[in-house]
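**Student:** From first to last, the protein sequence lines stand for chains A and B. So the first sequence is numbered by the numbering used here: it starts at 2 and just counts up by one. So the second sequence is numbered by the numbering used here: it starts at 665 and just counts up by one.
Keep in mind that the hints were calculated from the coordinates and are not lab data. Note that beta-carbon positions come from the ideal geometry of N, C-alpha and C, so glycine has one too. Wrong hints could be hidden among the right ones.
Distance condition first, Cα-Cα at most 25 Å in a straight line; then the derived SDA-like pairs of lysine to any residue [to be verified]:
hint, chain 1, residue 1, chain 2, residue 2
1, A, 70, B, 707
2, A, 334, B, 783
3, B, 779, A, 335
4, B, 705, B, 715
5, A, 351, B, 698
6, A, 38, A, 22
7, A, 77, B, 713
8, A, 70, B, 684
9, A, 70, B, 701
10, A, 38, A, 63
11, A, 66, A, 106
12, A, 334, B, 740
13, A, 16, A, 30
14, B, 705, B, 692
15, B, 705, A, 74
16, A, 334, A, 227
17, A, 70, B, 698
18, A, 351, B, 705
19, A, 351, B, 745
20, B, 705, A, 81
21, A, 16, B, 774
22, A, 70, B, 694
23, A, 334, B, 706
24, A, 351, B, 779
25, A, 77, B, 740
26, A, 77, B, 774
Calculated from the model, a selection of chain A residues having no Cβ within reach of chain B, i.e. all distances over 10 Å [what the hints assert, rightly or not]:
hint, residue
27, 7
28, 50
29, 54
30, 67
31, 109
32, 211
33, 227
34, 255
35, 289
36, 291
37, 299
38, 300
39, 317
40, 329
Listed below, chain by chain, are the residues.
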Amino acid sequence: MIAIELAYWQEAILKLLLGFAIVLPPAGITVYLYLFKMVSFMQSRLGPMEAGPYGSLQLVAEIGKWAQKEDIFPTKADRFVYAAAPFVVLISTFLLVLVVPFGPDLAIIGGENGVDTGIFFALAVSSISVIGILMAGWASASKYSLLGGLRAAGQLIAYELPLVLAVVGVVIQAGTLSMQGIVSAQYEGEIFGFGGFGNPYFLTQFVGFMIFLISVQAELAQAPFDMPVAESELVTGYMTEYSGMRFLLFFIGEFATANVFAFIAATLFLGGWAVPPFLVDMIPGLEIDSWAFNLIGPAVMIVKMLLLTFVVYWVRFTFPRFREDQLQRFAWKVLIPISLVNIAVTGLLKVVF
Amino acid sequence: MSEFLREYLLVLLFGLLAIGVVGAFLGLASLLRPDRPTAGKVTNYESGVDPVGDGWSQSQIRYYIFALLFVMFDVEAVFIFPWATRLEEYGYFGLVEMVIFIFILALGLAYAWRKGVLRWSS
Numbered sequence: 002m003i004a005i006e007l008a009y010w011q012e013a014i015l016k017l018l019l020g021f022a023i024v025l026p027p028a029g030i031t032v033y034l035y036l037f038k039m040v041s042f043m044q045s046r047l048g049p050m051e052a053g054p055y056g057s058l059q060l061v062a063e064i065g066k067w068a069q070k071e072d073i074f075p076t077k078a079d080r081f082v083y084a085a086a087p088f089v090v091l092i093s094t095f096l097l098v099l100v101v102p103f104g105p106d107l108a109i110i111g112g113e114n115g116v117d118t119g120i121f122f123a124l125a126v127s128s129i130s131v132i133g134i135l136m137a138g139w140a141s142a143s144k145y146s147l148l149g150g151l152r153a154a155g156q157l158i159a160y161e162l163p164l165v166l167a168v169v170g171v172v173i174q175a176g177t178l179s180m181q182g183i184v185s186a187q188y189e190g191e192i193f194g195f196g197g198f199g200n201p202y203f204l205t206q207f208v209g210f211m212i213f214l215i216s217v218q219a220e221l222a223q224a225p226f227d228m229p230v231a232e233s234e235l236v237t238g239y240m241t242e243y244s245g246m247r248f249l250l251f252f253i254g255e256f257a258t259a260n261v262f263a264f265i266a267a268t269l270f271l272g273g274w275a276v277p278p279f280l281v282d283m284i285p286g287l288e289i290d291s292w293a294f295n296l297i298g299p300a301v302m303i304v305k306m307l308l309l310t311f312v313v314y315w316v317r318f319t320f321p322r323f324r325e326d327q328l329q330r331f332a333w334k335v336l337i338p339i340s341l342v343n344i345a346v347t348g349l350l351k352v353v354f
Numbered sequence: 665m666s667e668f669l670r671e672y673l674l675v676l677l678f679g680l681l682a683i684g685v686v687g688a689f690l691g692l693a694s695l696l697r698p699d700r701p702t703a704g705k706v707t708n709y710e711s712g713v714d715p716v717g718d719g720w721s722q723s724q725i726r727y728y729i730f731a732l733l734f735v736m737f738d739v740e741a742v743f744i745f746p747w748a749t750r751l752e753e754y755g756y757f758g759l760v761e762m763v764i765f766i767f768i769l770a771l772g773l774a775y776a777w778r779k780g781v782l783r784w785s786s
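Given these sequences and hints, build the entire structure.
**Tutor:** Here you go:
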């Protein structure tokens, strides 16, 4: 470990840069890779090809396009709330990323003597985006927006519960709320006495992992849970009245949040920034808490994040949309009872073994 | 200031970072975009026809009762988390206690289910 003593403000600036770097650029990567290219492949077309090699600069061109669009405030809109809504949505995204560790020393908060309620904090701030979406839907004073905002609120609170309850299984197994603690619990874990792979919780918490992924899909309002923005029914739901850069900010918020949720899922279920122990053992002199993992960790996290977001967009472009009542029924009558049983069974197994 | 409070200060700083990023995007756009509002442009969008009535029109929210259920289960989750971190120390005693707790809450869900609250009804 390299011991560099930094003043608090220097450390804070570095952490803000790190937060910026793990929210916005990966959002661009996933949008290009999955939303442009993978979807084009699935639909037997090329997708963007003109801007840059293989259309890789398409996103830059898009931002240029959005920046030139006129900013429209509808006459009846509540101007202050209308303008504040994108801020609230993005604040939620940036606060979510705070707790995700990217290496043994690369945790923004949740250090040794710091805030150790990591995953609980993440679950708490993830619900702030509901407020932003409701604000956008209400302040637009448009029927489409209002319906979209109300649908979003109903959907997000319904799927918040399975999300939270699925995490409880992981917390029971790891015995800690701290994200670093969950990573090291998975690294040091064993499955029936075999520790070569550690114990990534997507194996032992498979039910919880599935519930978590489904709930994340619904929390992000991606198809098949995209009723709040159902384009054939509600134009674009709560974003209908927004134009230009404000619309783009909602868009960025959506995809950045998808990435951050993938980071969180990777930490909870796929072992976080650590690699399986047998790989660490193959390289002599490498320990899981050695400084090298501050460089390897982020790369491992990005790979795991890309895997999980791939699943999100794969599902998004494969399944047809739910109906509103089916969505609520699925959350309350299927996911929540299953996750309650999951908690009881996980607790029983934890106490018995 | 303790490290604990310093970390919460970072939470505040990240909130400000988000506001700064959004502000920077909007500021950049305000330098580039035109601003020529006309009466037709700033009317609320209703598929191209003139809007009918008020934007905040009455609509039936069928699932408002879910919000009450949500509060019930969210409070339950807050109780479960501290228990989950300490389950190993509590052993069977803690397990039985929590299963009873979850069972009582599940009874509430079952009651709502039986009463037809979870059904889409007109």
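**Student:** All hints are to be evaluated individually against the structure, with a verdict given for each.
**Tutor:** A quick look at each hint next to the structure:
no., hint, in the structure
1, A:70 to B:707, "holds (17 Å)"
2, A:334 to B:783, "holds (10 Å)"
3, B:779 to A:335, "holds (17 Å)"
4, B:705 to B:715, "holds (13 Å)"
5, A:351 to B:698, "violated (62 Å)"
6, A:38 to A:22, "holds (23 Å)"
7, A:77 to B:713, "holds (16 Å)"
8, A:70 to B:684, "holds (21 Å)"
9, A:70 to B:701, "holds (12 Å)"
10, A:38 to A:63, "holds (15 Å)"
11, A:66 to A:106, "violated (40 Å)"
12, A:334 to B:740, "holds (17 Å)"
13, A:16 to A:30, "holds (21 Å)"
14, B:705 to B:692, "holds (22 Å)"
15, B:705 to A:74, "holds (9 Å)"
16, A:334 to A:227, "holds (20 Å)"
17, A:70 to B:698, "holds (7 Å)"
18, A:351 to B:705, "violated (61 Å)"
19, A:351 to B:745, "holds (15 Å)"
20, B:705 to A:81, "holds (19 Å)"
21, A:16 to B:774, "violated (47 Å)"
22, A:70 to B:694, "holds (9 Å)"
23, A:334 to B:706, "violated (43 Å)"
24, A:351 to B:779, "violated (35 Å)"
25, A:77 to B:740, "violated (41 Å)"
26, A:77 to B:774, "violated (43 Å)"
27, 7, "holds (12 Å)"
28, 50, "holds (26 Å)"
29, 54, "holds (26 Å)"
30, 67, "violated (7 Å)"
31, 109, "violated (7 Å)"
32, 211, "holds (19 Å)"
33, 227, "holds (17 Å)"
34, 255, "holds (14 Å)"
35, 289, "holds (22 Å)"
36, 291, "holds (24 Å)"
37, 299, "holds (18 Å)"
38, 300, "holds (23 Å)"
39, 317, "holds (23 Å)"
40, 329, "violated (6 Å)"
The structure shown violates the earlier hints numbered 5, 11, 18, 21, 23, 24, 25, 26, 30, 31 and 40.
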